[in-house]
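**Q** So the chains spell out like this:
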Amino acid sequence: MQWQNVCSVADLAENSGVCALVNGLQVAIFYIPDIRSTNLSLFSNPVYAINNYDPIGKANVLSRGIVGDINGQLIVSSPLYKQHFNLETGRCLENETVAVPVYACRIDEDRVQVDTRLVAPLRQLIKQGTE
Amino acid sequence: MSEKQTLLVIGNGMVGQHFLATLVKNPIKEQYNIVTFCEEPRAAYDRVHLSAFFSGTSAKELSLVEDGFFEQNDITIHIGDKAVSIDREQKIVTSEKGIQVHYDKLVLATGSYPFVPPVPGHDRPQCLVYRTIEDLEAMTEAAKTGKVGTVVGGGLLGLEAAKALKDLGLQTHVVEFAPRLMAVQLDDAGGAMLRRKIEALGVVVHTSKNTSLITDGEQCVNKMCFADGEELETDIVLFSAGIRPRDDIARACGLDVGQRGGIVINNDCKTSDPDIYAIGECALWNGMIYGLVAPGYAMARTVVNNLAGNIDSSFTGADMSTKLKLMGVDVASIGDAHAKTQGAMVYSYQNGASEVYKRLVVSEDKKYLLGAVLVGDAAGYSTLLQYCLNGIELPENPDALILPSRSDESVGLGVDALPASATVCSCYNVTKGSICSAIEAGCTTVDDLKQQTQAATGCGGCATLVKSVLNSELAKQGYAVNTDLCEHFAYTRQDLVNLIRVKQIKTFTELLTEHGKGLGCEICKPTVASILASQWNEHILETDHAALQDTNDKFLANMQKDGTYSVVPRITGGEISPDMLIALGQVGKKYQLYTKITGGQRVDLFGARLEQLPLIWKELIDAGFESGHAYGKSLRTVKSCVGSSWCRYGVDDSVSLAIELENRYKGLRSPHKIKFAVSGCTRECAEAQSKDVGVIATENGWNLYVCGNGGMKPRHADLFATGLDKATLIKTIDRFLSFYVRTADRLQRTSVWMENMEGGLDYLKSVIIDDKLSLGEELEQQMQTVIDTYQCEWKTTIENEEKLKHFRYFINSDATDDNVIFVEERGQIRPARDEERKHFNLVEVA
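These protein sequences, in sequence, are chains A and B.
Just so you know, we're using my numbering here: the first sequence kicks off at 1 and counts up by one.
Just so you know, we're using my numbering here: the second sequence kicks off at 1001 and counts up by one.
It is possible that part of the hints are untrue.
Claimed, not checked - Pulled a few chain B residues facing chain A out of the computed Cβ check, cut under 7 Å:
no., residue
1, G1518
2, C1521
3, E1522
Stated by the list, open to error - Footprint (simulated), chain A over chain B, 3 or more residues, beta carbon under 8 Å:
no., region
4, 1011–1021
5, 1080–1086
6, 1538–1547
What the hints contain is simulated information worked out from the structure, not anything from laboratory work.
Cβ coordinates follow ideal geometry from the N, Cα and C atoms, glycine included.
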């Protein structure tokens, strides 16, 4: 299983998040069209996907957080206790040992697609964190 | 170990107490058993702010003694017992109640008594003095039947006393022997300006009046006859014609006293008996009695140091500069105000229109400041005092220091120019040097500094200066003292308000493009959303604004720990009909919500899932409810007591007013939440004095309190205006709230906003009530715009398909969050605890 169609671009919320159910996983998808006018990401990808579960607040809420940038990192701020999670690496800015799963996400024509196999850098990160 | 010696202190006034408080912080205290006599029925209290007693401050609040102080420090205090004699041979002090205490060291802090001129009739009924809380109680009693009150003496204390009479609602006169008010501190022009300002407040001032007789009045209890033949009918005569040292006990035991009274002391504050010290207003040093508290405190510190064997610390006189607010008028006097120094030169500035008078006295070579007088505007006091006390060379044109600055450029003295030895806090004698050391040792906030150094904890007059020293030192240490909102905007919230208003900016994107950088964050986005809402009041879920909102605003409900929401419909003034209550109950029952009564007199429904919110609100709106804005930084509730409609004691209809106010301000977005309350009488059942805006009904109209709050750091509200009719009340609140919305920092409650404001409550009054900035009309209009554009955010939302899209849990499925698990407790739901969750929705790692 690789790229899966999730919804159309029109279903997304600009500069904000929505939650999608993909392979039984709650996936928070953030749509940031404004990213193109910044130099925050190497790829200028306007969509980002992470798991919706906030490991600190212990609830499925991350899609409802505010997105933005802190010190050059693209982030979402948890609506529960306001920790920041990097949308590209999943790392929590306030606590190095915490990270959320990051999924590949892209726009193909009008379709928003997610690949729920974890992106590589994060797999390493979680491994380091658990050892 | 040698036996402890006994240290006896006679008098527990402000200075006596300061002595004890200083002593117990010094290791030398271990060598003494400490005993003190206190004649009054209560331990030390703040006499300087005595008139606050009439503005509602209780005797307890005036107290200067922390709970448990005497017990914790093993001090024996004999309250309500006066020391009457000293046997210096035997070293024994005897009290009125017959207690005898043997002392090794004795400290006299007997203070002073009010001087009552020996005018015939001075002991007639209702001829009073102004010194103790008991005196105040006597005044209050006399004011109940009287209509006219007269203060004899137009000095500092006299004017304070006049304020007290005014606060008691009496027609108030001040009678002064000298040709001007505050003759000691002010020159003729300053005195005249002060007189005009005080007369404008409705106090009648009589100068150059010598009272020759007090006798039976015709309309009033008393009649004062003056040497020039004039007469004045008055009920109360309040003597405040100066103080006299209480030296009788010292005199009786043969200690040296001055010709005109006062216990003679040397630089160590020792009397003619080396084992007896005298401090404060009873002491005569170098021919001077100091009638201010700061020199008394300095003497107290000298004695502690002397006992500890520190010989370098001697009392060498004190600065008599003063700054105070007399009946709302700023008055300050520094150093040689009368230009008595040889060759002194004078600069003066007088502005009749704004009633400001300033005068500088400088040395012959114009290099040094010798003295100053400020009336009507004492903002430059700290700067001038520093120039004067520390001998700092004046700028080329010294008059720039008193001329109003026409540009934004401040002519204030930078704190960096102050030497380390400069005294910043004269109440506790804290130098700039010791503040700097405390900062080096890790203090980073004014609160830290207050705890560490005691600076700004006395009269508080130096708080701004302390803050400037802090900022400057932190900057020097490389800390960025950054007032930027966040990394995206190099502006304060107030700057952004101005940019948005002046440039008519309507969206976050516009603001960010023109004045910011990056994408924004969870600090600037909601802040800007709030400013935009209070300025233009568009629906917060409009496309341009939705992504900016904090999660509670975004879903118009309050997120709880498990990601579900609570729902709070508005119940204005806490008034609800049985039918509405039933409707609310039915919704709660249907959606199986946990139901709780809030502190703001409404009902909170918990456990609503995101996708249920529109369904729940559809039913609530159909039943006649509207949004309660519990999710927003906005007006929450206007709590009320039942008021005069039902209550036997109610003075006015608090419920109707509460409902009107709540309907007026509902939906107003603000820097932080705002809470109101209205009480129908002074029993204060609605707890209005713990609210941002509190209103209490009195016989004379509504009294308005502002800037109180409960929560983490509770603060009583301050009395802002009294006896208002409803129209004036509403106008005042309009202005107050608009000004708060415009100028406060993000997440700053009204209390902190006001406390951080230069000039504090008085400045706020001058802006809101006196309209000093001529903003009043604009502020009212701003409020009217918000009121006119009010909409129930939920009603608009459920009528709009686009907005409802946000409320689907999954964008691609009708499933719901399986991580939300409730268990039952006391017949209602609550989120399952970790150990109760059997089926964890673990995140799989590929």
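**Q** Now, for every hint given, state plainly whether the structure supports it.
**A** The hints, checked one at a time:
| no. | hint | result |
| --- | --- | --- |
| 1 | G1518 | 5 Å, holds |
| 2 | C1521 | 4 Å, holds |
| 3 | E1522 | 4 Å, holds |
| 4 | 1011–1021 | violated (count 0) |
| 5 | 1080–1086 | violated (count 0) |
| 6 | 1538–1547 | holds (count 3) |
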